[in-house]
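> Protein sequence lines, in the order shown, are assigned to chains A and B.
When we follow the numbering used here, the leftmost residue of the first sequence carries the number 249, and every step to the right adds one.
When we follow the numbering used here, the leftmost residue of the second sequence carries the number 249, and every step to the right adds one.
FYI, nobody ran anything at the bench for these hints, they're computed from the structure.
Note that beta-carbon positions come from the ideal geometry of N, C-alpha and C, so glycine has one too.
Be aware that a few hints might be false.
Under the rule of at most 20 Å between Cα atoms (straight-line distance), these lysine to any residue pairs were calculated in the SDA-like manner [to be verified]:
{"#": "1", "chain 1": "B", "residue 1": "Lys403", "chain 2": "A", "residue 2": "Glu322"}
{"#": "2", "chain 1": "A", "residue 1": "Lys440", "chain 2": "B", "residue 2": "Gly495"}
{"#": "3", "chain 1": "A", "residue 1": "Lys403", "chain 2": "B", "residue 2": "Asn388"}
{"#": "4", "chain 1": "A", "residue 1": "Lys446", "chain 2": "B", "residue 2": "Pro521"}
{"#": "5", "chain 1": "B", "residue 1": "Lys520", "chain 2": "A", "residue 2": "Asn388"}
{"#": "6", "chain 1": "A", "residue 1": "Lys527", "chain 2": "B", "residue 2": "Lys503"}
{"#": "7", "chain 1": "A", "residue 1": "Lys503", "chain 2": "B", "residue 2": "Lys440"}
{"#": "8", "chain 1": "B", "residue 1": "Lys440", "chain 2": "A", "residue 2": "Glu322"}
{"#": "9", "chain 1": "A", "residue 1": "Lys503", "chain 2": "B", "residue 2": "Glu320"}
{"#": "10", "chain 1": "B", "residue 1": "Lys524", "chain 2": "A", "residue 2": "Ile518"}
{"#": "11", "chain 1": "A", "residue 1": "Lys527", "chain 2": "B", "residue 2": "Lys440"}
{"#": "12", "chain 1": "A", "residue 1": "Lys343", "chain 2": "A", "residue 2": "Arg253"}
{"#": "13", "chain 1": "B", "residue 1": "Lys520", "chain 2": "A", "residue 2": "Arg253"}
{"#": "14", "chain 1": "A", "residue 1": "Lys527", "chain 2": "B", "residue 2": "Gly512"}
{"#": "15", "chain 1": "A", "residue 1": "Lys503", "chain 2": "B", "residue 2": "Lys389"}
{"#": "16", "chain 1": "A", "residue 1": "Lys520", "chain 2": "B", "residue 2": "Lys440"}
{"#": "17", "chain 1": "A", "residue 1": "Lys527", "chain 2": "B", "residue 2": "Asn388"}
{"#": "18", "chain 1": "B", "residue 1": "Lys389", "chain 2": "A", "residue 2": "Leu499"}
{"#": "19", "chain 1": "B", "residue 1": "Lys389", "chain 2": "B", "residue 2": "Lys520"}
{"#": "20", "chain 1": "A", "residue 1": "Lys503", "chain 2": "B", "residue 2": "Asn388"}
{"#": "21", "chain 1": "B", "residue 1": "Lys527", "chain 2": "A", "residue 2": "Ala272"}
{"#": "22", "chain 1": "A", "residue 1": "Lys300", "chain 2": "A", "residue 2": "Ala272"}
{"#": "23", "chain 1": "A", "residue 1": "Lys527", "chain 2": "B", "residue 2": "Gln500"}
{"#": "24", "chain 1": "B", "residue 1": "Lys489", "chain 2": "A", "residue 2": "Phe508"}
{"#": "25", "chain 1": "B", "residue 1": "Lys489", "chain 2": "A", "residue 2": "Ser438"}
{"#": "26", "chain 1": "B", "residue 1": "Lys403", "chain 2": "B", "residue 2": "Ala387"}
{"#": "27", "chain 1": "B", "residue 1": "Lys503", "chain 2": "A", "residue 2": "Lys343"}
{"#": "28", "chain 1": "B", "residue 1": "Lys489", "chain 2": "A", "residue 2": "Phe382"}
{"#": "29", "chain 1": "B", "residue 1": "Lys520", "chain 2": "A", "residue 2": "Arg525"}
{"#": "30", "chain 1": "B", "residue 1": "Lys503", "chain 2": "A", "residue 2": "Pro312"}
{"#": "31", "chain 1": "B", "residue 1": "Lys527", "chain 2": "A", "residue 2": "Phe508"}
{"#": "32", "chain 1": "A", "residue 1": "Lys524", "chain 2": "B", "residue 2": "Arg346"}
Sample of chain A residues facing chain B (criterion: CB under 7 Å; computed from the structure) [to be verified]:
{"#": "33", "residue": "Glu321"}
{"#": "34", "residue": "Ala323"}
{"#": "35", "residue": "Leu324"}
{"#": "36", "residue": "Val325"}
{"#": "37", "residue": "Leu364"}
{"#": "38", "residue": "Lys405"}
{"#": "39", "residue": "Gly462"}
{"#": "40", "residue": "Glu492"}
Protein chains: 2
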Amino acid sequence: MAQTRAKIAVDAMGGDNAPEEIVAGAIRAAAELEVDILIVGDSDAIQSEIDKHGNTVNNIEIVPADGVVSMEEEALVGVRRKPNASINVSMNLVKEKRSQGVVSAGHSGAAMAAALLGLGRIKGIDRPAIGAVFPTMYANKSVIVLDVGANVDCKPKYLEQFALMGTVYSKYVLEIEDPKVGLVNIGEESSKGNELAKETYKLLSDNPNISFLGNAEGRDVLSGDFDVIVCDGFVGNVLLKFAEAVGEIMLQIIKEELPFGIRGKIGAGILKPNLKRIKQRIDHAEHGGALLLGVNGVCIVSHGSSQAPSIFNAIRIAKEAIGHGVIEKIQNAQSLDREKLTIDN
Amino acid sequence: MAQTRAKIAVDAMGGDNAPEEIVAGAIRAAAELEVDILIVGDSDAIQSEIDKHGNTVNNIEIVPADGVVSMEEEALVGVRRKPNASINVSMNLVKEKRSQGVVSAGHSGAAMAAALLGLGRIKGIDRPAIGAVFPTMYANKSVIVLDVGANVDCKPKYLEQFALMGTVYSKYVLEIEDPKVGLVNIGEESSKGNELAKETYKLLSDNPNISFLGNAEGRDVLSGDFDVIVCDGFVGNVLLKFAEAVGEIMLQIIKEELPFGIRGKIGAGILKPNLKRIKQRIDHAEHGGALLLGVNGVCIVSHGSSQAPSIFNAIRIAKEAIGHGVIEKIQNAQSLDREKLTIDN
Chain A
249 MAQTRAKIAV DAMGGDNAPE EIVAGAIRAA AELEVDILIV GDSDAIQSEI
299 DKHGNTVNNI EIVPADGVVS MEEEALVGVR RKPNASINVS MNLVKEKRSQ
349 GVVSAGHSGA AMAAALLGLG RIKGIDRPAI GAVFPTMYAN KSVIVLDVGA
399 NVDCKPKYLE QFALMGTVYS KYVLEIEDPK VGLVNIGEES SKGNELAKET
449 YKLLSDNPNI SFLGNAEGRD VLSGDFDVIV CDGFVGNVLL KFAEAVGEIM
499 LQIIKEELPF GIRGKIGAGI LKPNLKRIKQ RIDHAEHGGA LLLGVNGVCI
549 VSHGSSQAPS IFNAIRIAKE AIGHGVIEKI QNAQSLDREK LTIDN
Chain B
249 MAQTRAKIAV DAMGGDNAPE EIVAGAIRAA AELEVDILIV GDSDAIQSEI
299 DKHGNTVNNI EIVPADGVVS MEEEALVGVR RKPNASINVS MNLVKEKRSQ
349 GVVSAGHSGA AMAAALLGLG RIKGIDRPAI GAVFPTMYAN KSVIVLDVGA
399 NVDCKPKYLE QFALMGTVYS KYVLEIEDPK VGLVNIGEES SKGNELAKET
449 YKLLSDNPNI SFLGNAEGRD VLSGDFDVIV CDGFVGNVLL KFAEAVGEIM
499 LQIIKEELPF GIRGKIGAGI LKPNLKRIKQ RIDHAEHGGA LLLGVNGVCI
549 VSHGSSQAPS IFNAIRIAKE AIGHGVIEKI QNAQSLDREK LTIDN
């Protein structure tokens with residue numbers, strides 16, 4: 249595929265550390281990633297952050313916006329009431345084809361509402377889903393889990409669509425030749441689980457465009473056996489936040505127990521570089537943002553607490569999704585014929 | 249409370265490592281825990297395992313049973329078809345007041361079915377729940393999560409009953425003066441979540457016998473802020489198995505990364521005792537078994553892969569639950585008045 253230079257809108261005003269950390273991450277991405285950045289929000293605030301960095305990066309352009317949908321606001325209400333808020337202006341840049349993707353660390357519900365209203369759903373997709381890429385047992389293997397919070401109550405066909413979108417993402421962005429799909433459930437057998445799981449099992453089994461490997465129990469999610477894991481947004485959200493916390497707790501336990509005693513102090517000193525490697529593999533913050541899949545544009549929803557490195561990573565993920573034509577691939581997914589598909593970079 | 253010596257039935261035939269590891273764990277418990285053990289199953293097989301240990305422990309008695317409900321069988325069908333299977337005989341010992349509790353590492357669905365048929369539900373409890381005790385952020389603090397798999401589809405009132413049973417367990421066994429209860433959800437606000445969560449929120453808020461702290465997001469489950477966490481058995485089961493796997497993955501990452509390079513090899517050697525401490529805090533196997541709460545007897549459901557140390561721990565948990573009169577406390581819980589309750593050892 250001919251790679252066009254990606255143009256990405258970054259919502260400078262969303263998140264706990266906006267605009268400072270957002271601008272810092274965007275500047276680094278503009279300098280290092282071969283992307284053009286449209287940074288959206290309060291022009292003066294953004295300019296003063298850019299000035300702090302001193303250097304002149306050419307490929308970053310300020311697009312003014314007025315206001316922000318705050319975490320306290322009901323998403324849809326906020327998005328409708330503030331048409332010029334940074335998240336709406338960001339989505340409009342995609343709609344007007346001035347950019348191909350959006351990165352926001354703001355209210356994730358607002359990002360979804362703004363994407364739905366501004367960009368619309370992809371034809372054939374009933375509900376967009378948020379996909380999160382998790383590390384697995386294996387150092388170089390990831391798994392995409394969806395939905396992690398967009399839809400708390402799901403129908404079986406939504407989960408089937410999530411599986412299809414996850415397959416496209418896994419195949420084209422993560423470059424897995426034949427992504428193996430798993431359905432979150434409480435047992436391996438098709439008869440296990442709640443009504444949603446049982447019905448979804450049938451749909452996934454029957455869909456020729458999905459390589460359905462079967463049910464994935466909690467222990468299988470990060471086993472590396474699956475490339476795509478589907479579940480409703482309630483279960484997925486609980487899992488995502490639980491995983492983040494468990495990572496932090498593990499690091500905390502290591503930090504407490506490793507330097508215990510004299511041997512511990514000596515050993516922990518020697519092991520500093522190795523501990524850093526462990527932290528990097530465990531720490532979710534290194535991984536960037538989640539993907540809103542199913543709308544007509546690349547949308548990356550970053551964690552509210554994102555700092556510059558996460559924003560940088562989120563922009564990198566957006567660039568990859570754009571470069572691999574994920575949206576077009578999902579738009580064409582209704583006619584997906586697995587046999588004919590090849591990895592197409 | 250006057251402590252009577254606990255008498256516990258142990259299903260020798262259930263689990264991947266039965267009867268060898270089960271008998272080994274039971275012998276150790278009989279020797280170290282001041283409990284009397286009734287060990288249930290194939291007499292010859294059990295006797296030959298006991299003989300391996302050479303020493304004579306007086307307080308372990310074999311109770312013969314015929315057959316076992318296997319993992320492949322549908323729980324209720326197997327339990328009904330094999331009245332003399334080890335799990336049924338174990339439950340009958342409680343029913344006949346020859347023991348006060350059961351420990352089994354066999355088919356957990358079969359254990360539940362046998363308990364329901366053999367012991368019956370506690371009055372006022374619609375559905376028994378499986379409670380699992382998780383470690384938290386703090387070295388000396390645990391949290392009990394229920395249900396972790398008995399009920400995939402729940403009504404709000406079931407979750408309210410789970411909260412009550414968890415409160416009793418936390419108060420009397422874990423000795424938490426005023427256990428704080430959380431409801432698994434995808435956000436802190438009462439308006440968040442699926443229908444089950446929203447309705448349950450109201451019930452928990454209104455119940456004077458429950459110290460409801462509010463919604464617990466995935467990240468809050470192990471934070472130590474909550475003593476009791478309630479959710480439906482689908483979400484809880486996925487969380488439990490996910491947590492077990494994450495613990496293993498973390499240990500795997502540490503094992504891979506810590507001895508990396510020359511510094512790593514030296515440091516990891518020095519740190520061996522500390523790594524063992526980390527493993528103990530993380531490793532779920534150290535923690536024993538889950539509790540089936542809501543039936544008329546103490547039932548501990550151990551992991552199918554349990555080895556002797558887990559069985560030993562499960563017997564210890566059963567002993568504590570019996571000693572603290574958990575069943576009687578739950579039986580009386582309908583009339584619980586939080587103000588009047590004191591920690592009663």
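> Compare the structure with each hint and give your call.
Verification of the hints:
Between Lys403 (chain B) and Glu322 (chain A) the alpha-carbon distance is near 27 Å, which puts this suggested pair outside the 20 Å criterion. Restraint check for Lys440 (chain A) and Gly495 (chain B): the C-alpha separation of about 25 Å exceeds 20 Å, so the hint is violated. A hinted pair counts as satisfied when its Cα atoms are at most 20 Å apart, and Lys403 (chain A) with Asn388 (chain B) does not qualify at roughly 42 Å. With a C-alpha separation of about 47 Å, the suggested pairing of Lys446 (chain A) with Pro521 (chain B) is violated against the 20 Å cut-off.
With a CA separation close to 27 Å, the supplied pair Lys520 (chain B) and Asn388 (chain A) exceeds the 20 Å bound. Taking the CA atoms of Lys527 (chain A) and Lys503 (chain B), the gap is about 13 Å. The hint holds against a cut of 20 Å. Taken as a hint, the Lys503 (chain A) and Lys440 (chain B) pair is broken in the structure, with Cα atoms around 35 Å apart against an allowance of 20 Å. Proximity of Lys440 (chain B) to Glu322 (chain A) is assessed by CA-CA distance (about 11 Å); at most 20 Å being required, the pair is judged to hold.
At roughly 43 Å between alpha-carbon atoms, Lys503 (chain A) and Glu320 (chain B) are farther apart than 20 Å, so this suggested pair is violated. Among the hinted pairs, Lys524 (chain B) with Ile518 (chain A) is consistent with the structure: their alpha-carbon atoms are about 18 Å apart, no more than 20 Å. The hinted pair formed by Lys527 (chain A) and Lys440 (chain B) fails the criterion: a straight-line CA distance of about 32 Å is larger than 20 Å. With a C-alpha separation of about 18 Å, the suggested pairing of Lys343 (chain A) with Arg253 (chain A) holds against the 20 Å cut-off.
In summary, the hint linking Lys520 (chain B) to Arg253 (chain A) is not supported, as the alpha carbons are separated by about 51 Å, beyond the 20 Å threshold. With a C-alpha separation of about 15 Å, the suggested pairing of Lys527 (chain A) with Gly512 (chain B) holds against the 20 Å cut-off. For the suggested pair Lys503 (chain A) and Lys389 (chain B), the alpha carbons sit about 18 Å apart, so the restraint of at most 20 Å is met. Distance restraint check for Lys520 (chain A) and Lys440 (chain B): the Cα-Cα separation of roughly 42 Å exceeds the 20 Å cut-off, and the hinted pair is therefore not satisfied.
Between the alpha carbons of Lys527 (chain A) and Asn388 (chain B) the distance comes to roughly 24 Å, so the proposed pair goes past 20 Å and is violated. In summary, the hint linking Lys389 (chain B) to Leu499 (chain A) is supported, as the alpha carbons are separated by about 17 Å, within the 20 Å threshold. Between Lys389 (chain B) and Lys520 (chain B), the direct Cα distance comes to roughly 25 Å. Violation of the 20 Å bound is thereby established for this hinted pair. Straight-line distance between C-alpha atoms of Lys503 (chain A) and Asn388 (chain B) comes to about 16 Å, which keeps the hinted pair within the 20 Å bound.
Taken as a hint, the Lys527 (chain B) and Ala272 (chain A) pair is broken in the structure, with Cα atoms around 39 Å apart against an allowance of 20 Å. A threshold of 20 Å between alpha carbons decides the hint, and for Lys300 (chain A) with Ala272 (chain A) the separation of about 9 Å falls inside it, so the pair holds. Restraint check: the Cα-Cα separation between Lys527 (chain A) and Gln500 (chain B) comes to about 13 Å, which is no more than 20 Å; the hinted pair holds. A hinted pair counts as satisfied when its Cα atoms are at most 20 Å apart, and Lys489 (chain B) with Phe508 (chain A) does not qualify at roughly 30 Å.
Taking the CA atoms of Lys489 (chain B) and Ser438 (chain A), the gap is about 18 Å. The hint holds against a cut of 20 Å. Distance hint between Lys403 (chain B) and Ala387 (chain B) is unfulfilled; the C-alpha atoms sit about 34 Å from each other, more than 20 Å. Straight-line distance between C-alpha atoms of Lys503 (chain B) and Lys343 (chain A) comes to about 48 Å, which puts the hinted pair past the 20 Å bound. Proposed proximity of Lys489 (chain B) and Phe382 (chain A) is supported: the alpha carbons are some 16 Å apart, at most 20 Å.
Between Lys520 (chain B) and Arg525 (chain A), the direct Cα distance comes to roughly 19 Å. Compliance with the 20 Å bound is thereby established for this hinted pair. Restraint check: the Cα-Cα separation between Lys503 (chain B) and Pro312 (chain A) comes to about 50 Å, which exceeds 20 Å; the hinted pair is violated. Between Lys527 (chain B) and Phe508 (chain A), the direct Cα distance comes to roughly 14 Å. Compliance with the 20 Å bound is thereby established for this hinted pair. For a cut-off of 20 Å, the pair hint linking Lys524 (chain A) to Arg346 (chain B) is broken: about 56 Å separates their Cα positions.
For Glu321 (chain A), the interface hint is violated, the least distance from its beta-carbon to any beta-carbon of chain B being 12 Å, above 7 Å. Taking 7 Å as the C-beta cut-off, the interface hint given for Ala323 (chain A) is violated, the closest approach to chain B being about 11 Å. Below 7 Å, beta-carbon pairs count as interface contacts, and Leu324 (chain A) has none with chain B, the closest being about 13 Å; its hint is therefore violated. Using the Cβ-Cβ criterion of 7 Å, the hint placing Val325 (chain A) at the interface with chain B is not satisfied: the shortest such distance is roughly 13 Å.
With a cut of 7 Å, the hint placing Leu364 (chain A) at the interface with chain B is violated, because the nearest CB-to-CB distance is about 19 Å. A distance limit of 7 Å between C-beta atoms decides the matter here; for Lys405 (chain A) the minimum to chain B is near 18 Å, and the interface restraint is violated. Interface restraint check: Gly462 (chain A) against chain B, minimum CB-CB distance 15 Å, threshold 7 Å, status violated. Given hint, Glu492 (chain A) at the interface with chain B, holds; its Cβ is 6 Å from that chain's nearest Cβ, closer than 7 Å.
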